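*Asks:* Input sequences plus hints: build the corresponding full structure.
When you line the sequence shown up against this note's numbering, it's residues 1083 to 1421, in that order.
Hints listed in this document are in silico derivations from the structure and should not be mistaken for laboratory results.
Computed from a predicted structure; not experimentally measured.
Where is the CB? At the ideal position from N, CA and C, for every residue including glycine.
You may find that some hints are simply not true.
Estimated spans, in silico, between C-beta atoms of each pair [what the hints assert, rightly or not]:
id, residue 1, residue 2, range
1, Leu1408, Ser1283, 25 to 33 angstroms
2, Arg1089, Thr1196, 43 to 51 angstroms
3, Arg1137, Leu1409, 28 to 36 angstroms
4, Leu1129, Phe1331, 45 to 53 angstroms
5, Leu1313, Leu1114, 43 to 51 angstroms
6, Ala1300, Leu1255, 28 to 36 angstroms
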Amino acid sequence: MRTVPSRSRRFRFIAAVLLLLLGAAILLSLSLGTLAISPGELLRTILGEGSRQQRLVLLTIRLPRILIGLLVGGALSVSGVILQSVTRNDLAEPGIIGISSGAALFVVVYIYLTNGNNYYVLPAFTLFTMPLVALTGGLVGAGLIYALAWRRGMKPRRLLLMGIAVNAGFHALIIMLQIGFDNRDFNRVLSWTSGSIWGVSWSYVIAVSPPLVALSLAAWYQSRYLDVFTLGDEIACGLGVNTEGRRRFLMAIAAALAAVATSVAGSIAFVGLLAPHIAGKLTGPQRCYCIPTAILIGMLLVTGSDMIARNLFSPLELHIGIVVSLLGAPYFIYLMVRQ
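*Replies:* If you want it as structure tokens, here you go:
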């Protein structure tokens, strides 16, 4: 059995490697695109010496998009760690069990009611209240799934199946609502619900970074309870943990993280599935190490997928959710077969 110091050294080494990979991905993402920017030009632009076009592309378009990708990837990863821990189900993930689609449904309804059918340009008030609306939708979705899955206790398999059913229902309602949008906004909403961070700005970064950072820190602080839940409810009760109360609280944090991320990036599935599993294999089951490792992996996954989505068929752009799904769907099938 590894000692605590050896686990700590392993974690620091893995975190350092992931940070280097993430830094390289960020630099590549800043450089590549329809307008290519060399490393030297990138440095000069950051120092304020680049051309006006380079400053516009780098500081107004690419940099806020990368920051949103980092925030969303980290939030979805932490949400996945929580859900897999409290349900003891390796397949639990916010994009699969309906939490993200519940948030997306509430946001689409909110935009339609407050902004008519003009989703393409959002006023500042709508933009800064979207995370609150998404939070409400995510909590409603999580509460509905929890209530439907409850039957003299909460069984992990029942939770997963109910989540998949609720997810399908929410997606159907979103499609019905899209009929009320004009052609341009229909395509925009379709792109967003498929997972997209196209068109984000610094306003989006300002709106979502405080709640996502705060919720991620709260989840990391609760990591000792996540470790107890992985041992089973009987052991958790024996250690004096109020299992149902603590489970509901942790699921609320997971739902809030996924919902706020969805409000700016749409429904991106499989990030909360892949990142926790990879982190667990790298650092072991302890959540105090698994959570920060999963955050870095999720950031790397979303940033890398966004870079591929922007450049693979440039100037055409894929949905980031499609790229992530191409990576996550085979792994999901593997987990299903293994179980």
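*Asks:* Could you run down the list of hints and mark each one as holding or not?
*Replies:* Each hint tested on the structure:
| no. | hint | result |
| --- | --- | --- |
| 1 | Leu1408 - Ser1283: 25 to 33 angstroms | holds (28 angstroms) |
| 2 | Arg1089 - Thr1196: 43 to 51 angstroms | holds (49 angstroms) |
| 3 | Arg1137 - Leu1409: 28 to 36 angstroms | holds (33 angstroms) |
| 4 | Leu1129 - Phe1331: 45 to 53 angstroms | holds (46 angstroms) |
| 5 | Leu1313 - Leu1114: 43 to 51 angstroms | holds (45 angstroms) |
| 6 | Ala1300 - Leu1255: 28 to 36 angstroms | holds (30 angstroms) |
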